[in-house]
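**Q** Residue-level listing of the chains:
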Amino acid sequence: MGNSAPSQNSLVSVRNLSFSRGDNKIFDDISLDIERGKITAIMGPSGTGKTTLLKLIGGQLFPEQGSITVDGQNVHQLRRRDLFNLRKRMGMLFQSGALLTDMSVYDNVAFPLREHTHLPESMIRTLVLMKLQAVGLRGARELMPNELSGGMARRIALARAIALDPMMIMYDEPFTGQDPISMGALVHLIKSLNNILGLTSIIVSHDVHDTSAIADYIYVLSGGKIVGQGTPKEIQQSKSEWVQQFMTGAPDGPVHFHYPAKDYVDDLLSSGKRY
Amino acid sequence: MIQFLQYLGKSTRTSFTKLGRGTYFLLQIISGILSVIPRPRLLLNQMYSIGVLSFLIITTSGLFVGMVLGLQGYYTLSDFGAEETLGVMVAASLVRELGPVVTALLFAGRAGSALTAEIGLMKATEQLSGMEMMAVDPIKRIISPRFLAGFLSMPLLAALFSAVGIIGGQLIGSGLLGVDEGAYWSQMQANLDFQDDIINGVIKSIVFGFVTSWIALFEGYDTIPTSEGVSRATTRTVVNSAFSILGLDFILTTLMFGDD
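So the sequences go chain by chain: E and H. In terms of my numbering, the first sequence opens at residue 1 and continues consecutively. In terms of my numbering, the second sequence opens at residue 1 and continues consecutively.
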């Protein structure tokens with residue numbers, strides 16, 4: 001890793017990015033590249049700022065230092081209108097799905113089309129049905145978001161994210177809280193959408209097995225730094241203790257089981273304040 | 001002592017920061033209103049849920065307030081043999097004060113709290129963030145139509161409140177207590193001034209509509225996205241709206257009726 005110029009084939013390139021929340025340094029001078037047409041996974045334990053990275057790429061947050069370019073445009077130097085135009089070409093799948101709860105499934109998928117295009121309603125219908133068919137939920141179009149299971153909601157949100165035929169999709173923890181069947185469906189969908197539509201995908205996840213099954217390249221984040229990167233195979237064979245702990249899920253290692261605290265015995269014997 | 005000063009400084013700074021954010025938010029809302037004009041359906045939907053759905057509470061309260069005014073007014077006026085002027089007393093109280101003020105307080109409780117909770121939950125469930133990522137400005141799409149709907153609904157609801165209240169006063173006054181019906185209406189007609197009473201009342205309710213909608217939407221948008229945050233924001237909407245309505249009412253009344 002390093003400060004090299006973005007490679008020819010990268011769609012997103014992050015250079016020397018630093019970002020903090022309060023006193024908590026979330027990213028400390030990281031650089032990474034997301035290649036076109038590939039599935040890139042960003043992995044790391046909860047609280048390492050994976051979602052924050054997606055929000056930075058989407059221009060919802062501003063970095064303290066460094067730059068992020070998407071398709072040759074520096075996200076944080078764009079005017080609002082240009083940023084919105086760029087976002088039309090970026091899909092994002094939120095962890096909760098973020099479906100609009102006052103609209104049916106059909107209207108949710110039609111939402112970006114109605115907001116950004118002047119297509120006649122008949123054509124919107126065709127497009128919506130095509131997108132719903134792609135995620136296997138054409139039959140659920142009349143349902144309201146509160147009638148959907150978590151897995152279905154995520155698939156509908158995916159149909160909405162591809163409604164405008166974006167060049168890339170960012171997935172925020174797509175596998176969290178899914179039963180094995182919906183998990184399998186999602187893994188299959190992400191892989192096939194990426195190949196069929198020629199998308200570029202960024203998956204942020206802490207799910208080691210399913211993510212490494214479909215990712216072409218993996219970055220492992222910890223403590224604001226990139227601690228490992230490579231193809232899934234390279235990552236699995238990594239010498240880094242940290243990466244090994246993460247991939248095997250050992251309870252103790254470079255990441256300690258205990259949150260930093262003062263000495264256990266001292267703590268028990270001291271009077272302390274009452275709660 | 002130092003601690004107290006620190007606390008004072010910190011809370012002053014927090015309030016001013018919030019005021020600044022609120023003002024910036026208001027400017028964004030106002031600049032977003034232009035984009036509501038070509039999409040009247042967005043506005044109509046909100047006018048329905050903010051205005052039409054408040055219909056019942058406003059008419060019921062208006063009726064009862066009018067009836068109570070009829071009773072109390074009659075007892076006081078009849079001591080001086082002036083019960084014929086009951087119509088003036090009921091109508092003036094409603095149109096000048098109670099109509100705008102009580103409507104605004106009820107509006108803050110019924111529609112304002114609902115707006116805050118709705119926007120707050122949309123924030124908590126990432127719907128607003130999701131919309132931004134779909135390149136749709138939530139201020140233009142969600143906030144501005146609601147603001148405009150609140151702002152337009154308030155004077156209409158206040159007018160409804162006063163009208164129903166005047167009928168309530170008449171029901172009690174001439175129906176139950178025997179004030180002459182002709183006198184009730186003609187005294188009202190002769191003594192109420194369109195400019196001084198009605199227009200001033202409408203101005204008040206426009207101001208209250210503006211402030212209440214602004215507070216409700218800002219509290220929702222500025223909420224901490226947790227269930228506790230939303231519940232606090234909803235409470236703040238009702239409390240802050242009530243204070244602002246009553247404070248502004250005093251100021252407006254002084255300005256409007258001070259010269260008489």
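Be careful, since some hints might not be right.
[Claimed, not checked] Computed cross-link-like contacts, EDC-like style, restricted to lysine to aspartate or glutamate with a CA-CA straight-line distance of at most 20 angstroms: (1) E:K233 - E:E35; (2) E:K55 - H:D137; (3) H:K10 - E:D263; (4) H:K18 - H:D193; (5) E:K55 - H:E228; (6) E:K25 - E:E64; (7) E:K88 - H:D222; (8) H:K140 - E:D82; (9) H:K18 - H:E228; (10) E:K38 - E:D207; (11) E:K38 - E:E241; (12) E:K225 - E:D23; (13) E:K55 - E:D33; (14) E:K191 - E:D165; (15) E:K225 - E:E241; (16) E:K88 - H:E97; (17) H:K140 - E:D107; (18) H:K140 - E:E115; (19) E:K55 - H:E126; (20) E:K225 - E:E115; (21) H:K140 - E:D33; (22) E:K88 - E:D71; (23) E:K38 - E:D28.
By construction, these hints were calculated from the structure, which means they are not laboratory data. Only a predicted model underlies this, so the values are computations on that prediction, with no experimental measurement involved.
**Q** If a hint holds in the structure, say so; if it does not, say that too.
**A** Each hint, compared with the structure:
no., hint, in the structure
1, E:K233 - E:E35, "holds (18 angstroms)"
2, E:K55 - H:D137, "holds (16 angstroms)"
3, H:K10 - E:D263, "violated (35 angstroms)"
4, H:K18 - H:D193, "violated (41 angstroms)"
5, E:K55 - H:E228, "violated (24 angstroms)"
6, E:K25 - E:E64, "holds (10 angstroms)"
7, E:K88 - H:D222, "violated (26 angstroms)"
8, H:K140 - E:D82, "holds (17 angstroms)"
9, H:K18 - H:E228, "holds (19 angstroms)"
10, E:K38 - E:D207, "holds (18 angstroms)"
11, E:K38 - E:E241, "violated (27 angstroms)"
12, E:K225 - E:D23, "holds (16 angstroms)"
13, E:K55 - E:D33, "holds (16 angstroms)"
14, E:K191 - E:D165, "holds (16 angstroms)"
15, E:K225 - E:E241, "holds (15 angstroms)"
16, E:K88 - H:E97, "violated (50 angstroms)"
17, H:K140 - E:D107, "holds (19 angstroms)"
18, H:K140 - E:E115, "holds (11 angstroms)"
19, E:K55 - H:E126, "holds (12 angstroms)"
20, E:K225 - E:E115, "violated (39 angstroms)"
21, H:K140 - E:D33, "violated (34 angstroms)"
22, E:K88 - E:D71, "holds (13 angstroms)"
23, E:K38 - E:D28, "violated (25 angstroms)"
The structure shown violates the earlier hints numbered 3, 4, 5, 7, 11, 16, 20, 21, 23.
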